[in-house]
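Q: If you want the building blocks of each chain, they are given just below.
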Amino acid sequence: MKDSLTLLSRIPAHPDSRCWFLAWNPTGTLLASCGGDRSIRIWGKEGDAWVCKSVLGEGHQRTIRKVAWSPCGNYLASASFDATTCIWKKNHEDFECVATLEGHENEVKSVAWAPSGSLLATCSRDKSVWVWEVDEEDEYECMSVLNSHTQDVKHVVWHPNQELLASASYDDTVKLYREEEDDWVCFSTLEGHESTVWSLAFDQSGERLASCSDDKTVRIWHQFNPGSEQGGAGSGTDPTWKCVCTLSGFHTRTVYDVAWCHLTGALATACGDDAIRVFEEEPLSDPQQPTFSLAAHMARAHSQDVNCVAWNPKEPGLLASCSDDGEMAFWKYQRPEAC
Amino acid sequence: MAAGGVRFGIGKPASLLQDCEWENAARQAAEGVKAGTCSILDVVETLGSPLKNEDPQVRAQGIQVLSEVLLQCYSLLQEQEVTHLVLFYENRLKDNHLVIPSVLQGLNALSKCVVLAAGLAVSVLKAIFQEVHVQSLLQLNRHTVYSIITNFMSNREAELKSLGADFTLGFIQVMDGEKDPRNLLIAFQIVRDIIVKGYALGPFAEELFEVTSCYFPIDFTPPSNDPHGIQREDLIFSLRAVLTSTTVFAEFLLPLLIEKIDSDVQSAKLDSLQTLTAVCKIYGHKELKEFLPSLWSSLRTEVFQTASEKIEAECLSALRALSACLSRLVLGSEDEDLLESFLRGVLQDCRHHLCEPDMKLVWPSAKLLQAAAGASLRAYYQITSSVLPLLLEQYAKHEQSSQHRTVLEVLLGFLELRQMWGPEEEDKSPLLSCKDSLCSIVFSALTEPNIQLQLVGIQVLTFLGSLQELLDLANVEKLADHFAQFILLEKDSQISLAAMDAAGTLAPIYPEVFSKCLVRRLSEALESELLEDGSSSHQKHLRALAAVSTHPSIVRETVPILLQHLQQIQKGKVPANNHSVVSVCHSLQQVALQCQQNAQTYWYFHQAVVPCLLGLAVQAALQENSHTTPGKVLLTEEALSSMVLVISAACMHLSPELAAQSVSKVIPLFLDGELSFLPGNNYSSPFQPFQDGPCPVAAQRKLVALLMAFVCSLPRTVAIPQQDRLLHELLALSYSCDCLFTATAAAKCFAGLINKYPEGPHLDQLLEIAIKMLEQGLNEGPYQHQALTLLLWVSKALLLRYHPLITQLTDKLLKLLGDTVLGPAAGDGFALLMADSTDVLGKSCHAEVRLMFRQRFFTDCVPQLVQCFHMAIPDVKPNYLKGLSHILNHLPKPVLVTELPTLLPLLLESLSCPDHIVQLSTLRCLQPLLLDAPHVMHLHIDTLVGKFLNLTDNPAMAIRIAALQCLHTLASLPTPVVIPFKPRVIRALAKPLDDKKRLVRKEAVLARGEWFLLGTPGR
Amino acid sequence: MVGPPGGGGGLENANPLVYPRPGERPTTAREQDEGLPDAIDGREVFDLIRGIHDPEHPLTLEELNVVEQVRVQVSDAENAVSVEFTPTIPHCSMATLIGLSIKVKLIRSLPERFKVDVHITPGTHASEHAVNKQLADKERVAAALENMHLLQVVNQCLSGRS
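Chains as they are written, first to last, in our numbering: chain A, 1 to 339; chain B, 10001 to 11019; chain C, 20001 to 20162.
Certain hints may be false.
What the hints assert, rightly or not - Once the Cα atoms are required to be at most 20 Å apart in a straight line, the calculated PhoX-like pairs of lysine-lysine come out as:
#1 B:K10161 - B:K10126
#2 A:K127 - C:K20115
#3 B:K10094 - B:K10126
#4 C:K20138 - A:K90
Claimed, not checked - Listed next, the stretches of chain A that the computed footprint assigns to chain C, with coverage defined by at least 3 CB atoms under 8 Å from CB atoms of chain C:
#5 58-67
#6 302-311
Claimed, not checked - Chain A side only, calculated, beta carbon under 10 Å to chain B, not exhaustive:
#7 P15
#8 E137
#9 G317
Calculated from the structure, these hints are not laboratory results.
Every residue, glycine too, gets a C-beta built ideally from N, C-alpha and C.
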């Protein structure tokens, strides 16, 4: 297990500030990073080294909390504490801010594109989740404001192939939304975490959702279709989601991020105890009650809190991470023989 | 120059003369006029054709030439000529706009003419007001207009005044819209003159106010590299002079000031408050009355809410000025007493906050009340008659010590204000009526177990005691008893020290009481603890004895007690150590300082102490060979050094007559072993300190230090018997004595005497001998270090009196810096040369110290030193930097700041010099300069940040600390200069936060905290 | 979260108890010895926060007993600092702001390897859980420090000017 996670390189991505988040473009050739220095940096590989291709500096007045690539890879959205979301259009190596989405009352905490590329979700400390529609002319219109959470919404993420949205909140819950007659509604609330839920990740199929929390656990939720045994007598046609596994006892502080590799199925976590961990599902475990084991544990992966982990979408086992120390690191993950 | 600015159209027939020819023509014409070979009218004639040319550019150039000529020779013109020219120029004002600048220049020249006929000034000004739209001209031309007006105002005042308010109106139109700071300075000056010299404002007072006050508050930042050197402050002061020049503006100015005080801009607040303070000097009842409520409300709000100490201080000054202004009013019988009603309002708004001693608003309220009360005795009486009883009541009402402390501190603030005015009939004073309850609460405060409260209590009592006849005898005795208890029993040193100070302050007023209640008890306490010598309470009592010796009668009681203590040590009656001798000597020294003003007491001290100390030391030195000598402790270097201080303090204030009397006994003691004037008569063997010889004599030789203390502290006019013999003995001792202490004392004594030695061949001869001996000593042998010490002290003695031989000695020192053995010590020696000498070569010892000896040394020595540095081999380079950093560290700041631009590169190099002493000394030199020469420092900000940060992980803790302190100070440079470095510095300072040494971490925390505050609100 | 200071409006806790303060930490010979490392201990961390000013009173947190040395836990070896603070009254609305000031001071002053936890002394405040949760949320702390008004109040508490 010792060598299952090896460091490839370490880069001071946002020196003098913290690095909050990383996002790979769909082809896995570019990595966007953002941080407390109010800038976004785009990294690409030259030879063996990752180099900064561009710096997007002028868009936001405050910390940039998260960034997200559109499914086509030509747009980048950024969520900032300045209460706005910027849309950047890629033009070769240059990026131009083509739209600024305003509306949230205070810090925007997360942004995510739907797989179709025509919808965008944002969330904020103002407790709301907004769904925006994108038209051909790069015009963005708010379709829906969802006020289901009772507290700060920390993260939004779309289902990998359906128009289904999940959000995580300071109110300790995860909520799921779908479209219904031109409006969006919350159809399910996943309760179980005992403190703030910081991040979410769907697996490749979209049947499972992993959530991580300030309660130092990661939970795996599974979708059960109506009528199935576990789906029970749920009302109507909505599937039900149930917690099928809780990873506890591994993390010693807040788990800030979770990433589910769509190529290998490995689950990586970023933790406030400076460590990165990778979990694998036991090969023979019951899919209804899976068990996960710790496949890799990099104790001092960074010198401060790890904020984000991101699997490269094309190259199996390539993991990027970033931290409060302003650095970004690249890791090679190899499934241990024993697993 | 001026003609060069005009360009001709190509091929135009009018361009008869080329640019340079115009200038030449003008110069020649001017020379002609000055020499009297032609008249100005001839010049006009020569220029005839260009002056009348149809092309305005050519006309402009023609007039330009004429104007240039006029500027050079206006003083030579005849009245008739001037009149013609004025009429010509006036007429030209109607000409094409291209011509106007040259016309104005000509008028400027003419406006300086003494022979200007009556009426012309007015007509010129009228023409300018009418024809010229001044604000559409270029800056330089506008400046010319202001100059013309200024000229006329200074030499045609009466004539201009005949224009009445039209002149004022005309000028208002001229300056309306002016934006250039250079022009504004002169325009403000004109407005001020209009007002101060009594030009008619007519109905235009408000317009005049508007046209100037629109610049208030001044918002101007000089561009970097501004060649004009106009600072923001220049404009502020100049505008303020206008706004505060008349009471006529009051009704407009006061609302403006109130508005700006209430604004969010700090600089606007400051400027407004300072302007308000200034204007209170000229305003009276009438101007202020209407605005008093709003002014008070703005000031109060500001003091209650501001985060800035500066703004708070300005608010309080403004309030004091207001109160002072209202106090000045002579009351008519039917006038309302504005002061009374104003203060009533202040009291109403602040008084109740004094009832909440835990709350934030206590102090702002107290400060407001104190500011208002501090304006006049009348204000003081009104405020305190309301506040003092209230505070006394609040004291009784609250129970916690901390509340008592706050109440008492506030109260003390009010009491101390009283010192601003001399004594007056006290029957009105509110203090009298509450004296008794005040005493009782203060005495009760002293018994509460809270140190801070007790400290305030002591201060209040000291104040009350210092007012003549306020306290009755019983209370004074009670007070002295309390002080005695604090001194004798209190463990906390803050309290006992405060009580000692207080006793020292009050003892001259109540000597009998303090003698009875304190001196006697201290003496008993010292007696009883003789056997547990060296304990901290013992030292405290010695210290207290000195502190209370502030009255002649008490000095005569305490000095014998202290001396007796030393005698007992010498006789071995008490177990003694260095420390006890040093403590007694410290006390004696303090007593000497305290009685230096009183000649009689001082002479008593001298006669009692000097022979006694010498006697004890000689006796100890003579006993030195017997094995069990209790007096040995008197001969340690530490003990002798403390006796040196006492003897010096006992001699430096003697009158020349008394000094001569005393020196005639001391010199024979050392040169001839004449012991008769010493107390006691049991001296076992002869005293021969200057005789060659082994061990026993070594102890006697050490006493040369005491001789030094005595003989070098005398006034310059006192003749020293056998001086030359003494000097030779000292010289011989200084470079050939094994004991460094003795050698140094001899060298210093020699230097001290040389410094005062009269100029002339005798002195030169002495110095020649000394230099010869020095050279021998420095070259070789076991006494190299002694020789270097002598060199340094003699150099210092000569440097201070500007003796020409100093250059020879400086050369030697510079050469020694390159010496691998003596170099480092020579480098350190520069500190000795530059520092203020506290002993033999100090001013207090009457040494000849010329002003600016440091600057002189700096100028003579540093260029050479820098040159040697560059040529030196790497091994010895640090010695030069060490020398340099010592010189710079002692240079007066203004000199250093001027020289800094050239020296800074070398200082920055010193920071990279591996020698720790150099690095440390350079950091300590740079740190204050960061504050004093920010303009120089900010040019090197990049290097400074880098080098300081580098030194934060230096192996030497002291350097890491000093580097962090520099980084801390760096944050106080102007924010725009340092803010670009903020992220880097904050990041880099994260590392020293984890330094292994706590003292380093502490500095890192402070520095980093300050950098975090940079550029953020709430700083 | 914070009202404007001053203005003479009624303050919540008009008469807090004020506690005497111990003196400065004396410098020991050990501390002056270049060679010997000084571990970061409870007193050192306490010294960092004792001088923070209460946003409402003209007093320090130490004088108000809001912070005490016994409620500071430090493990230099394990990079952990935990501070409990005690609001002057159970409904003190300034609790979050006081906690924030303590947290900010510690983050600015302690080596970055430390994990800093700031909590309310259990059982001493009505909204203990909510305040603790906010203080533990580094994202909200970061956002608060980008809010100029809050930053001003915190800086004033830290610099002792108010």
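Q: Take the hints in turn and mark each one as holding or not.
A: We went through each hint and held it up to the structure:
no., hint, result
1, B:K10161 - B:K10126, "holds, 13 Å"
2, A:K127 - C:K20115, "violated, 28 Å"
3, B:K10094 - B:K10126, "holds, 12 Å"
4, C:K20138 - A:K90, "violated, 32 Å"
5, 58-67, "holds (count 3)"
6, 302-311, "holds (count 3)"
7, P15, "holds, 7 Å"
8, E137, "violated, 39 Å"
9, G317, "violated, 32 Å"
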